[in-house]
Amino acid sequence: MAVTPIEVFVAAGADRWHEAQALRAHELVRLVPTPRHATVLLVAGTILESERAALDRVHDQLPHPREVVTWDEIAAAVDMADDVVDAVAFEIVGRADAVVADPTTSSPTRLPDEETHEWRDVGPFGQGGEGMMGGTPYGRAMAMTADDRDGLRLDRLQLRLGPFLGQLPGGLVADVALQGEVIQSIEFACAGSAPVVTGDRSVPVARRLLWLSHALHVQGLDAFAVRAARLARRSSGVGDDSRLASDFSSLRRRLRWTGLRSALRDVGDRDGVDTWARWSAHLDAISASLDGADPRLSPAGGSMPITAAELAETITGLTLTDAVSTIIGFDIDVPAMTTAAVEP
Amino acid sequence: MNEVEQLSAPLAIVVVSVVLVVGVYVSSVVGVVAFRSAAGQPLRPASAALFPAREARRLSRQQSVRTERPDMILRVLAPAGFLGLAAAAVTVIPLSPGIVVADVGTGIVLFGAAEALAIVAIFFHGWSPNSPFALVAGYRFVAVALSYELLSMFVLIGAAIPAESLSIGAIVESQADLWNVIRQPLGFPLFVIVSLGVTFSGPLDLLDSNDLAGGGSVEDSGIQRLAWQIARHAMRIAFAACAAAVFLGGWHGPLLPGGLWMALKTFAVIALLGFLDVFVARISAERFVRLAWGVLLPLAFLDLLIAGVGAL
Numbered sequence: 001m002a003v004t005p006i007e008v009f010v011a012a013g014a015d016r017w018h019e020a021q022a023l024r025a026h027e028l029v030r031l032v033p034t035p036r037h038a039t040v041l042l043v044a045g046t047i048l049e050s051e052r053a054a055l056d057r058v059h060d061q062l063p064h065p066r067e068v069v070t071w072d073e074i075a076a077a078v079d080m081a082d083d084v085v086d087a088v089a090f091e092i093v094g095r096a097d098a099v100v101a102d103p104t105t106s107s108p109t110r111l112p113d114e115e116t117h118e119w120r121d122v123g124p125f126g127q128g129g130e131g132m133m134g135g136t137p138y139g140r141a142m143a144m145t146a147d148d149r150d151g152l153r154l155d156r157l158q159l160r161l162g163p164f165l166g167q168l169p170g171g172l173v174a175d176v177a178l179q180g181e182v183i184q185s186i187e188f189a190c191a192g193s194a195p196v197v198t199g200d201r202s203v204p205v206a207r208r209l210l211w212l213s214h215a216l217h218v219q220g221l222d223a224f225a226v227r228a229a230r231l232a233r234r235s236s237g238v239g240d241d242s243r244l245a246s247d248f249s250s251l252r253r254r255l256r257w258t259g260l261r262s263a264l265r266d267v268g269d270r271d272g273v274d275t276w277a278r279w280s281a282h283l284d285a286i287s288a289s290l291d292g293a294d295p296r297l298s299p300a301g302g303s304m305p306i307t308a309a310e311l312a313e314t315i316t317g318l319t320l321t322d323a324v325s326t327i328i329g330f331d332i333d334v335p336a337m338t339t340a341a342v343e344p
Numbered sequence: 001m002n003e004v005e006q007l008s009a010p011l012a013i014v015v016v017s018v019v020l021v022v023g024v025y026v027s028s029v030v031g032v033v034a035f036r037s038a039a040g041q042p043l044r045p046a047s048a049a050l051f052p053a054r055e056a057r058r059l060s061r062q063q064s065v066r067t068e069r070p071d072m073i074l075r076v077l078a079p080a081g082f083l084g085l086a087a088a089a090v091t092v093i094p095l096s097p098g099i100v101v102a103d104v105g106t107g108i109v110l111f112g113a114a115e116a117l118a119i120v121a122i123f124f125h126g127w128s129p130n131s132p133f134a135l136v137a138g139y140r141f142v143a144v145a146l147s148y149e150l151l152s153m154f155v156l157i158g159a160a161i162p163a164e165s166l167s168i169g170a171i172v173e174s175q176a177d178l179w180n181v182i183r184q185p186l187g188f189p190l191f192v193i194v195s196l197g198v199t200f201s202g203p204l205d206l207l208d209s210n211d212l213a214g215g216g217s218v219e220d221s222g223i224q225r226l227a228w229q230i231a232r233h234a235m236r237i238a239f240a241a242c243a244a245a246v247f248l249g250g251w252h253g254p255l256l257p258g259g260l261w262m263a264l265k266t267f268a269v270i271a272l273l274g275f276l277d278v279f280v281a282r283i284s285a286e287r288f289v290r291l292a293w294g295v296l297l298p299l300a301f302l303d304l305l306i307a308g309v310g311a312l
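Line order of the protein sequences matches chains A and B. Quick note: the first sequence, position 332, residue 332 per this note's numbering, numbers continuous. Quick note: the second sequence, position 80, residue 80 per this note's numbering, numbers continuous.
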């Protein structure tokens, strides 16, 4: 039996990403922000063909001894009456204990240890650029100086974020250009013109609580994320739900003392609505649902749908931290985004 | 001032090691307890007490992954340097009346130097794995560090004024009648903010943070991760002990022996830092820099003014 929590990295397709957050409720499972910290890679939901290579790269980043657990296999095997999250947690603990006891069974490396792109290209130094600068050595654009927002010149670093990044919703892929910590440009790879849901009032309360759990994790409040995940489990019918509304109010009161409000106010402002206002709208909607009121009647705030292009516009010029907080604050419906991109 | 007993070199090494080992262990247990109480989980004191040992055993058996073209020297030097600086900072703090590992007359200068060099070690931690999130976290930390560093200098100098000495032992002596936490009420809270910054905790969790997929520690596994966590807790011990000595009257207190008072006060600050780490959300670096230069630095000036007027 495990005595310290098993560290798990979740690589979830867009369709199961929220559900997987429920694992935070389990004392013996700790969801970690990077695969390097994890013993178990949890693969959940539909992995698109375009995401397979990224999944293999994430897999190979786990240190030995490591193990892979697939949510959907377990979900298919359990009875209707049984709880999938409990079954997954049970499987994670069992498999992790086994692989730690016998490291020879550690999951083997999937990709060859070689460069995906050649260093060699055209030009005198082979990197493909002009003189000693520029080009895409090893397939990565060399960071070149460019004007920044403060009137200085600073290296511009191109990065692809996602689809399996701890701090962003599963399946979300974005190409960013960074100068220092500031986002100069961002483009959502799977976006197209898909409308992205933010404050749909028909969203079930359990999903909203799972959003809250992940969002708290990103803001550095992991312990409160555990509480939110437990409430989410209870709201979907696992365990006692008689005092759910009052327990949520108590969590909300505690959050008032964490400084979240001052951390999120004036961040990601769009049409006079900032990230804290969006959080408040989510929290109000949860309170309203738990009190039995029609959530559609709760005060609006960030309930407008936003397209990927509008989201990109909102976060351009923000620091990476604020951009992540802003994206999370919207509770983007990534499946809607991804499906729209796949079906032309 | 009491006769100061200068410890012999081997004894000094033993004392510093014991302080750090016990301190790091206690600090990580406090972290577990703080987390469980915030998460509403059962506290299970026995399991919490064993937690650091089990975690250390687990991480020491895990593979320490080598990243693509890391700066190997700095990768080793980052945790080693951070731990070494924490140890150096501990040496100038008097542990009980007359017992200090290194009785230097300029104790707070040495402490401040260790604190400033810690920024370099922390930057190495972000730089060395050759990974974008770690690099961003490292640079971001330096921006924040430059903003809190001045606060620390001002509040420590403020505490040195009534003692008329830069020796931490003398600063403790000067608090026999009135602790600095009351004489200079701004000093302690500002020093706590500095401590949160150096140990990247709670609101200033801007290095190894979840919004950057683990930030500076994004590539750390196994021993590498364990070493960094130990170094971070060691730095927390150094700052907690310094806060106890400089602001909370050090060994002064009724009934109990001085060494025990010092240990209790250090523990209280460790607990404060451990709980703030769990209970307070991260604020963005940009916001902190604004706050530090616009509000906290003027407050530090005021603290210095209070100390100066008090000394007249």
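Treat the hints with care, as some may be off.
[Claimed, not checked] Pulled a few chain B residues facing chain A out of the computed Cβ check, cut under 7 Å:
no., residue
1, 38
2, 39
3, 53
4, 54
5, 65
6, 130
7, 136
8, 140
9, 188
10, 189
11, 205
12, 211
13, 218
14, 221
15, 222
16, 280
[As the list claims (entries may be wrong)] Covered by chain B, according to a simulated footprint, are these stretches of chain A (three or more residues, beta-carbon under 8 Å):
no., region
17, 60-73
18, 215-225
[To be verified] Residues from chain B that keep clear of chain A, each with C-beta distances beyond 12 Å, as calculated:
no., residue
19, 22
20, 32
21, 40
22, 45
23, 176
24, 202
25, 227
26, 298
For the record, the hints were derived by calculation from the structure and aren't laboratory data. Note that this is a predicted model, so its numbers are computed, not measured. Quick reminder that beta carbons are idealized off the backbone N, C-alpha and C, glycines included.
Quick rundown of the hints versus the structure:
Of the supplied interface hints, the one on residue 38/B holds, with its beta-carbon coming within about 3 Å of a beta-carbon of chain A, less than 7 Å. Proximity of residue 39/B to chain A holds as hinted, the smallest CB-CB distance being about 4 Å (cut-off 7 Å). Taking 7 Å as the C-beta contact cut-off toward chain A, the hint placing residue 53/B at the interface is violated, the least distance being around 10 Å. With its C-beta approaching chain A no nearer than about 5 Å, residue 54/B sits inside the 7 Å limit, and its interface hint holds.
A least Cβ separation of about 5 Å between residue 65/B and chain A falls short of the 7 Å threshold, and the interface hint therefore holds. For residue 130/B, the interface hint is violated, since its Cβ never comes within 7 Å of a Cβ in chain A; the closest pair sits about 12 Å apart. The interface hint given for residue 136/B is met, as the beta carbon of that residue sits about 5 Å from the closest beta carbon of chain A, less than 7 Å. Contact between residue 140/B and chain A, as hinted, is supported at the beta carbon level, the nearest pair being about 5 Å apart and thus within 7 Å.
Because the beta carbon of residue 188/B sits about 19 Å from the nearest beta carbon in chain A, more than 7 Å, this interface hint is broken. Hint on residue 189/B is violated. Least Cβ distance to chain A is approximately 15 Å, over the 7 Å limit. With 7 Å as the threshold, the beta carbon of residue 205/B comes within range of chain A, its nearest partner Cβ sitting at about 5 Å, so the hint holds. Contact between residue 211/B and chain A, as hinted, is supported at the beta carbon level, the nearest pair being about 5 Å apart and thus within 7 Å.
A least Cβ separation of about 5 Å between residue 218/B and chain A falls short of the 7 Å threshold, and the interface hint therefore holds. At its closest, the beta carbon of residue 221/B sits 4 Å from a beta carbon of chain A; the interface hint therefore holds under the 7 Å criterion. The criterion of a C-beta within 7 Å of any C-beta in chain A is met by residue 222/B, whose closest approach is roughly 6 Å, and the hint holds. Contact between residue 280/B and chain A, as hinted, is supported at the beta carbon level, the nearest pair being about 5 Å apart and thus within 7 Å.
For the region 60-73 of chain A, the stated coverage by chain B holds: 4 residues have a C-beta nearer than 8 Å to a C-beta of that chain, and at least 3 were required. With 8 residues carrying a beta carbon less than 8 Å from a beta carbon of chain B, the region 215-225 of chain A meets the three-residue requirement, and the given coverage holds. Distance check for residue 22/B against chain A: the nearest CB is about 21 Å away, which clears 12 Å, and the non-interface claim stands. Non-interface call for residue 32/B relative to chain A: violated, since the shortest CB-CB distance, roughly 10 Å, does not exceed 12 Å.
A Cβ of chain A approaches the Cβ of residue 40/B within 12 Å, the least distance being about 5 Å, so the stated non-interface status is violated. Every CB of chain A is more than 12 Å from the CB of residue 45/B (nearest about 14 Å), matching its label as outside the interface. Every beta carbon of chain A lies more than 12 Å from that of residue 176/B, the smallest distance being close to 36 Å; the non-interface claim holds. Remark: the non-interface label on residue 202/B conflicts with the geometry, its nearest Cβ contact in chain A lying 7 Å away (cut-off 12 Å).
Here residue 227/B stays apart from chain A, with its beta-carbon at least about 14 Å from theirs, past the 12 Å limit. For residue 298/B, the condition that its CB be more than 12 Å from all CB atoms of chain A holds, with the nearest at approximately 19 Å.
In summary, the numbered hints that this structure violates are 3, 6, 9, 10, 20, 21, 24.
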